[in-house]
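There are 2 protein chains.
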Amino acid sequence: MSVTGLQLINGQWVAGEAGQYQATNPSTAQKIEPVMTQATQAQVDAAVAAAAQAAKSFANTSLAERAAFLERCADEIMALGDELTQRVMAETGYPQGRAEGERGRTVGQLRMFAKHILSGEYLNIRIDTAMPDRQPLPRPDLRLMNQAIGPVVVFGASNFPLAFSTAGGDTASALAAGCPVIVKGHNSHPGTAELVAQAVDKAAKACGLPDGVFSLIMGAGNEVGSALVKAPQVKAVGFTGSLSGGMALFNLANTRPDPIPVFAEMGSVNPVVLFPEALATKCQAVAEGFVGSLTMGTGQFCVNPGVVIGIKGEGLDNFVSHTKEALAKVGAGVMLNKGICTAYNAGVEHLGSQPGVEVVAEGGAVTDEAGFCSQAKLFKASAQAFLANPNLQEEVFGHASVLVECEDKAELLAVLGALHGQLSGTIQCTEAELASQMDVVDVLRSKVGRLVVNNYPTGVEVCDAMMHGGPFPAATDVRFTSVGTAAIARFVRPICFQNFPEALLPAALQNANPWGISRLVNGERTSSGF
Amino acid sequence: MSVTGLQLINGQWVAGEAGQYQATNPSTAQKIEPVMTQATQAQVDAAVAAAAQAAKSFANTSLAERAAFLERCADEIMALGDELTQRVMAETGYPQGRAEGERGRTVGQLRMFAKHILSGEYLNIRIDTAMPDRQPLPRPDLRLMNQAIGPVVVFGASNFPLAFSTAGGDTASALAAGCPVIVKGHNSHPGTAELVAQAVDKAAKACGLPDGVFSLIMGAGNEVGSALVKAPQVKAVGFTGSLSGGMALFNLANTRPDPIPVFAEMGSVNPVVLFPEALATKCQAVAEGFVGSLTMGTGQFCVNPGVVIGIKGEGLDNFVSHTKEALAKVGAGVMLNKGICTAYNAGVEHLGSQPGVEVVAEGGAVTDEAGFCSQAKLFKASAQAFLANPNLQEEVFGHASVLVECEDKAELLAVLGALHGQLSGTIQCTEAELASQMDVVDVLRSKVGRLVVNNYPTGVEVCDAMMHGGPFPAATDVRFTSVGTAAIARFVRPICFQNFPEALLPAALQNANPWGISRLVNGERTSSGF
Numbered sequence: 028m029s030v031t032g033l034q035l036i037n038g039q040w041v042a043g044e045a046g047q048y049q050a051t052n053p054s055t056a057q058k059i060e061p062v063m064t065q066a067t068q069a070q071v072d073a074a075v076a077a078a079a080q081a082a083k084s085f086a087n088t089s090l091a092e093r094a095a096f097l098e099r100c101a102d103e104i105m106a107l108g109d110e111l112t113q114r115v116m117a118e119t120g121y122p123q124g125r126a127e128g129e130r131g132r133t134v135g136q137l138r139m140f141a142k143h144i145l146s147g148e149y150l151n152i153r154i155d156t157a158m159p160d161r162q163p164l165p166r167p168d169l170r171l172m173n174q175a176i177g178p179v180v181v182f183g184a185s186n187f188p189l190a191f192s193t194a195g196g197d198t199a200s201a202l203a204a205g206c207p208v209i210v211k212g213h214n215s216h217p218g219t220a221e222l223v224a225q226a227v228d229k230a231a232k233a234c235g236l237p238d239g240v241f242s243l244i245m246g247a248g249n250e251v252g253s254a255l256v257k258a259p260q261v262k263a264v265g266f267t268g269s270l271s272g273g274m275a276l277f278n279l280a281n282t283r284p285d286p287i288p289v290f291a292e293m294g295s296v297n298p299v300v301l302f303p304e305a306l307a308t309k310c311q312a313v314a315e316g317f318v319g320s321l322t323m324g325t326g327q328f329c330v331n332p333g334v335v336i337g338i339k340g341e342g343l344d345n346f347v348s349h350t351k352e353a354l355a356k357v358g359a360g361v362m363l364n365k366g367i368c369t370a371y372n373a374g375v376e377h378l379g380s381q382p383g384v385e386v387v388a389e390g391g392a393v394t395d396e397a398g399f400c401s402q403a404k405l406f407k408a409s410a411q412a413f414l415a416n417p418n419l420q421e422e423v424f425g426h427a428s429v430l431v432e433c434e435d436k437a438e439l440l441a442v443l444g445a446l447h448g449q450l451s452g453t454i455q456c457t458e459a460e461l462a463s464q465m466d467v468v469d470v471l472r473s474k475v476g477r478l479v480v481n482n483y484p485t486g487v488e489v490c491d492a493m494m495h496g497g498p499f500p501a502a503t504d505v506r507f508t509s510v511g512t513a514a515i516a517r518f519v520r521p522i523c524f525q526n527f528p529e530a531l532l533p534a535a536l537q538n539a540n541p542w543g544i545s546r547l548v549n550g551e552r553t554s555s556g557f
Numbered sequence: 028m029s030v031t032g033l034q035l036i037n038g039q040w041v042a043g044e045a046g047q048y049q050a051t052n053p054s055t056a057q058k059i060e061p062v063m064t065q066a067t068q069a070q071v072d073a074a075v076a077a078a079a080q081a082a083k084s085f086a087n088t089s090l091a092e093r094a095a096f097l098e099r100c101a102d103e104i105m106a107l108g109d110e111l112t113q114r115v116m117a118e119t120g121y122p123q124g125r126a127e128g129e130r131g132r133t134v135g136q137l138r139m140f141a142k143h144i145l146s147g148e149y150l151n152i153r154i155d156t157a158m159p160d161r162q163p164l165p166r167p168d169l170r171l172m173n174q175a176i177g178p179v180v181v182f183g184a185s186n187f188p189l190a191f192s193t194a195g196g197d198t199a200s201a202l203a204a205g206c207p208v209i210v211k212g213h214n215s216h217p218g219t220a221e222l223v224a225q226a227v228d229k230a231a232k233a234c235g236l237p238d239g240v241f242s243l244i245m246g247a248g249n250e251v252g253s254a255l256v257k258a259p260q261v262k263a264v265g266f267t268g269s270l271s272g273g274m275a276l277f278n279l280a281n282t283r284p285d286p287i288p289v290f291a292e293m294g295s296v297n298p299v300v301l302f303p304e305a306l307a308t309k310c311q312a313v314a315e316g317f318v319g320s321l322t323m324g325t326g327q328f329c330v331n332p333g334v335v336i337g338i339k340g341e342g343l344d345n346f347v348s349h350t351k352e353a354l355a356k357v358g359a360g361v362m363l364n365k366g367i368c369t370a371y372n373a374g375v376e377h378l379g380s381q382p383g384v385e386v387v388a389e390g391g392a393v394t395d396e397a398g399f400c401s402q403a404k405l406f407k408a409s410a411q412a413f414l415a416n417p418n419l420q421e422e423v424f425g426h427a428s429v430l431v432e433c434e435d436k437a438e439l440l441a442v443l444g445a446l447h448g449q450l451s452g453t454i455q456c457t458e459a460e461l462a463s464q465m466d467v468v469d470v471l472r473s474k475v476g477r478l479v480v481n482n483y484p485t486g487v488e489v490c491d492a493m494m495h496g497g498p499f500p501a502a503t504d505v506r507f508t509s510v511g512t513a514a515i516a517r518f519v520r521p522i523c524f525q526n527f528p529e530a531l532l533p534a535a536l537q538n539a540n541p542w543g544i545s546r547l548v549n550g551e552r553t554s555s556g557f
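If you read the protein sequences in the order shown, they are chains E and X. Just so we're on the same page, the working numbering is the position in the first sequence counted from 1, plus 27. Just so we're on the same page, the working numbering is the position in the second sequence counted from 1, plus 27.
Bound conformation, chain E alone (with noise of 0.2 Å):
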């Protein structure tokens, strides 16, 4: 397989009739072939209805077949090799490693996905058998499942070629829901979309499954975007980048005649917290860390850390002096798109001109002029600059990050309180010091999604466990987590069935619970049947 420019539109590979472009490899600014196409109005209709024609039956197949498509999925996208992966790094500036990193996590992803739904835990069976003979009612049998939201729409993420792109989490997890999925490919690594499309296509024709189950659209501009969000078959949307980019999708979706779920996860500024014992016993490894959470990627990921926030003194002092030996040691890095790198410039540059920021650690200076390459910063503020200055909180995508000096606790409160919701919020401490600062939890606690003590924030788990998400403008939906198993709960609905004939029940809801999932019945947890 290669690239060929086409797009996957009702299990057939089209030219977008739109238009033309060609991606830009951002580590040397050339373009890279071949030519690829835009998608018409005409065209997302068809996927849209392709996906709304596949939906019911597509939602019908059994938990084993669904996950056999997610398997072969992660098959079929390791079978690409390496050209896979030089694309990838063709189209990011991604290292190698990185390149096959991120594919790991991709297939393992859809393998997770796969053992989790067989599972049956995300069915959410809830059953309360009839009580015939209550008084003063009898009560009837009610049974409680989740069933598909219907067609699901995901938008590539610029920063995850493929663990946030056309078959990332946002992907296998509506997949794995039985919901159909349109692609909108991020235009910075169409090739990488089109490749793994490629993958998926091939899974769901060896998997017998109907055309419709995954397409792939690609477009500049917004219009594909807005048209895939304002279709009427479509019930939910997956997106992760910029807040104003979110919110559009948001307002978008917000204003249909029909209101669905836009799932945007946006960003933010990540806070860490240095408690004073930390900096006194570990200063030089908690800079160290903080230093390559701040430099992984070329900084591109939706939790780095982008404040940091302590109490003045010596240990803050030789944190900043710790940070700036390792950051000195950091490289310029490559950014993913011309866009991102000019904006990160822009947001160095806005953040230094603050009143009260000054810069006091940097990366290595940008030597190559030919790609999108950008240096690394640590600005410092004052608390009271910070407090009385909204823009030093706006995120600034990349490896910026602003120190908050603060002159006590009660100012290290007041910082904390001040923030907008986080995707996640770390403490470094020790263990003796984190039990007496329990206020300090509290308040990070209403902000974020994710508490992480010791740790950073990057490297994001993909577990039963995580939460990625967080109150906004982390997400639109501070009650959903878009890495995970739990991720699974965007794109579902529950469905009661009350007195329906046994035999004719779903097989997850019927007495004998052939699948042998945990259930609730009669408000008791079992997974045997009755």
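Since the hints were made in silico from the structure, they are not lab data. Model, not experiment: these values are computed from the prediction. One thing to keep in mind: the hints can contain errors.
Straight-line Cα separation of at most 30 Å, DSS-like style, residue types lysine-lysine; simulated pairs [claimed, not checked]:
#1 Lys83/E with Lys436/X
#2 Lys339/X with Lys83/E
#3 Lys83/X with Lys257/X
#4 Lys309/X with Lys407/X
#5 Lys83/X with Lys339/E
#6 Lys257/E with Lys407/X
Got chain E sorted already, so can you dock chain X onto it with the hints?
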């Protein structure tokens, strides 16, 4: 205790300072004493500030403490005795049996949530323990639990002065989750609201809870409701009522600087499908059951059957005859207030004036001109008329319904396919017949939250397996129910603890599992500790 006209703000009973009004007895159109008062923006702000102040300590109460509070609320409501039921009857026109039955449901809901939270099910605990030796990277310890979302605003519902108002399902589920609640009482039954609030206040004080944990705000017009939804400290809204009312709140909440979820249950027409064999074998029972469901509570239920769909023939003619006979025995009904009565009369007039629509059965005529009474109606239209005219599936709140006569099965499927989202869908059938008509089930499944066979949709059971919600416009978020234990999911959000010292974790997440909760530990469901 007695009705005073005061409101509960920050634990104090105070007079609203924005104006005065009186409730009206819908049976007599007479004013009810005493004069009630309306809150100012400053009073709204005070209630919201108190809720925000109480949020952290209330969220940190143990499951046992909150369960005791809910039980105490139920006890205090029962202790109000006849004064409460008399006031309900005066403010709603409901007969004593309904008032007492609804009180029973209300205290039953409170006790159900008390029991449910003690099980810990709603916490959705997931634990993935550390794997320090994993290659290429270690896995940190990750633990997920649900926590309270924060202050919740609940709007009292016109038709459930107890079960969906001051201490109704929304309030009970929010308090169970650990969220402070601010109730905006419904202006049709302010005295009922005040009495119930007195009971909740007594319970809160007896349990030593902070003042802001529960407030009651009253106000005519939309100002007070809008102010509550716009208050920055409010994190979610529960509403049961009209489409226009629900959408006004939904749009308001989505245009806040930080959008918050509005769970609006906005009713629907709850289609009832009549299969031929059911009409051939049990026509009279089907018709009488339908009339009972249609006229219960003067039809003032969200799940009232407003559309009946069958295939032309002798069976359907017989259904009409039996319905005509049964409906004629049902007297005119008192409606909840003048506005609802006026809207009902306008709605049936509008329906009756649509092309191809005729009245085929009626309840007893209105004889008591003093109160807000109305007459039940069954209209008939052809499937073609129904498909051509969206007015025919608009909800007319009250005891009116439209029988849609289809030429054949294909037309029946077309009618079902044209329906908007619904709270419920009902099929009257024989079991053998249902087995051969699973295509009808599939279409209905895609349209409803609850699928009812050989029951009627009214009489919503409060239990684990209930789904009271549905695709838009039945509700704003198809993924949640407002009735039953699953309703608590609206008011919690997940938080993940990464590498957090075990001794400092919330009890539900500790290794030993001190509360004996069912948890997902490394992918396996268990109630044991480790």
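Here is what the structure says about each hint:
1. Lys83/E with Lys436/X: OK: Lys83/E and Lys436/X at ~19 Å, within 30 Å.
2. Lys339/X with Lys83/E: Distance of about 28 Å is within 30 Å: holds.
3. Lys83/X with Lys257/X: 21 Å, holds
4. Lys309/X with Lys407/X: It holds: about 21 Å lies between the C-alpha atoms, which stays within 30 Å.
5. Lys83/X with Lys339/E: 28 Å, holds
6. Lys257/E with Lys407/X: Roughly 35 Å between the alpha carbons, so the hint for Lys257/E and Lys407/X is violated.
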